[in-house]
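J.: Residues per chain are reported as follows:
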Amino acid sequence: GQNIDQPTEMTATEGAIVQINCTYQTSGFNGLFWYQQHAGEAPTFLSYNVLDGLEEKGRFSSFLSRSKGYSYLLLKELQMKDSASYLCAVMAGSYQLTFGKGTKLSVIP
Amino acid sequence: TAGITQAPTSQILAAGRSMTLRCTQDMRHNAMYWYRQDLGLGLRLIHYSNTAGTTGKGEVPDGYSVSRANTDDFPLTLASAVPSQTSVYFCASSDSPSGGGTDTQYFGPGTRLTVL
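First to last, the protein sequences are chains R and X. Everything in the first sequence is counted per our numbering, starting at 757 for the first residue and increasing by one. Everything in the second sequence is counted per our numbering, starting at 1361 for the first residue and increasing by one.
Quick caveat, the hints were computed from the structure, so don't treat them as lab data. Predicted model only: the values in this text are computed from it and were never measured. Keep in mind that a hint or two might mislead.
What the hints assert, rightly or not - Computed list of lysine to any residue pairs in SDA-like fashion (alpha-carbon distance at most 25 Å, straight line):
(1) Lys832/R / Ser783/R
(2) Lys813/R / Lys837/R
(3) Lys860/R / Glu1419/X
(4) Lys813/R / Gln793/R
(5) Lys860/R / Thr1474/X
(6) Lys1417/X / Thr800/R
(7) Lys860/R / Val1448/X
(8) Lys837/R / Glu1419/X
(9) Lys813/R / Gly1363/X
(10) Lys857/R / Arg1388/X
(11) Lys857/R / Val1442/X
(12) Lys837/R / Ala1439/X
(13) Lys860/R / Val1442/X
(14) Lys1417/X / Arg1388/X
(15) Lys857/R / Asp1398/X
(16) Lys860/R / Lys1417/X
(17) Lys837/R / Ser783/R
(18) Lys837/R / Gly1363/X
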């Protein structure tokens, strides 16, 4: 089976940098996804990693280490609109996505 | 482009009644999915369909059924609703999850269902 762990909540200051960690154990691996979900809305795709290393996309970057079963999402120059839940999801050998429970990020002035 | 639409937006349903949640996508994606999202539990896969005419069970399929008669539509049916099925239901689609490719899943706006 799959097991995905990420912190339940985090708080960070506007303009700062925050790192949201995700660890996973899975049967087979076909990639790791990060989604953003604002309260009352649908998840929206942020990033995808299948090889080790860092993927950068504007203010957001995502890192993967397959040998350690570890990923993080890095958000730079935090804005108030970044207050949301961030979902880590792993695609296992079955090509089905398994989601972590999400990290609720609060950005404060 | 509409992407993925779901209907209804929200619904209150009496226990024991049946209901079908509708999901339609216009992206010609092969694969479609139904998830439920509950506080503290995250998104959990109910059923999926890799291509029209095929369906499969996810992590929490009991009490739910699906059909995939064509590429665009993937309805989810609750035959006899129970209060534990109170949740937010999201439909998603992706181009193709199999055949060596991994594709991003895109989500519909969700249906908030309350079973009393």
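J.: None of the hints should be skipped; say for each whether it holds.
T.: So, going through the hints one by one against the coordinates:
| no. | hint | result |
| --- | --- | --- |
| 1 | Lys832/R / Ser783/R | violated (32 Å) |
| 2 | Lys813/R / Lys837/R | holds (17 Å) |
| 3 | Lys860/R / Glu1419/X | holds (24 Å) |
| 4 | Lys813/R / Gln793/R | holds (17 Å) |
| 5 | Lys860/R / Thr1474/X | holds (24 Å) |
| 6 | Lys1417/X / Thr800/R | holds (24 Å) |
| 7 | Lys860/R / Val1448/X | holds (17 Å) |
| 8 | Lys837/R / Glu1419/X | violated (32 Å) |
| 9 | Lys813/R / Gly1363/X | holds (23 Å) |
| 10 | Lys857/R / Arg1388/X | violated (30 Å) |
| 11 | Lys857/R / Val1442/X | holds (24 Å) |
| 12 | Lys837/R / Ala1439/X | violated (40 Å) |
| 13 | Lys860/R / Val1442/X | violated (29 Å) |
| 14 | Lys1417/X / Arg1388/X | holds (22 Å) |
| 15 | Lys857/R / Asp1398/X | holds (9 Å) |
| 16 | Lys860/R / Lys1417/X | violated (29 Å) |
| 17 | Lys837/R / Ser783/R | violated (35 Å) |
| 18 | Lys837/R / Gly1363/X | holds (23 Å) |
Checked against the numbered hints listed earlier, the structure breaks hints 1, 8, 10, 12, 13, 16 and 17; every other hint is satisfied.
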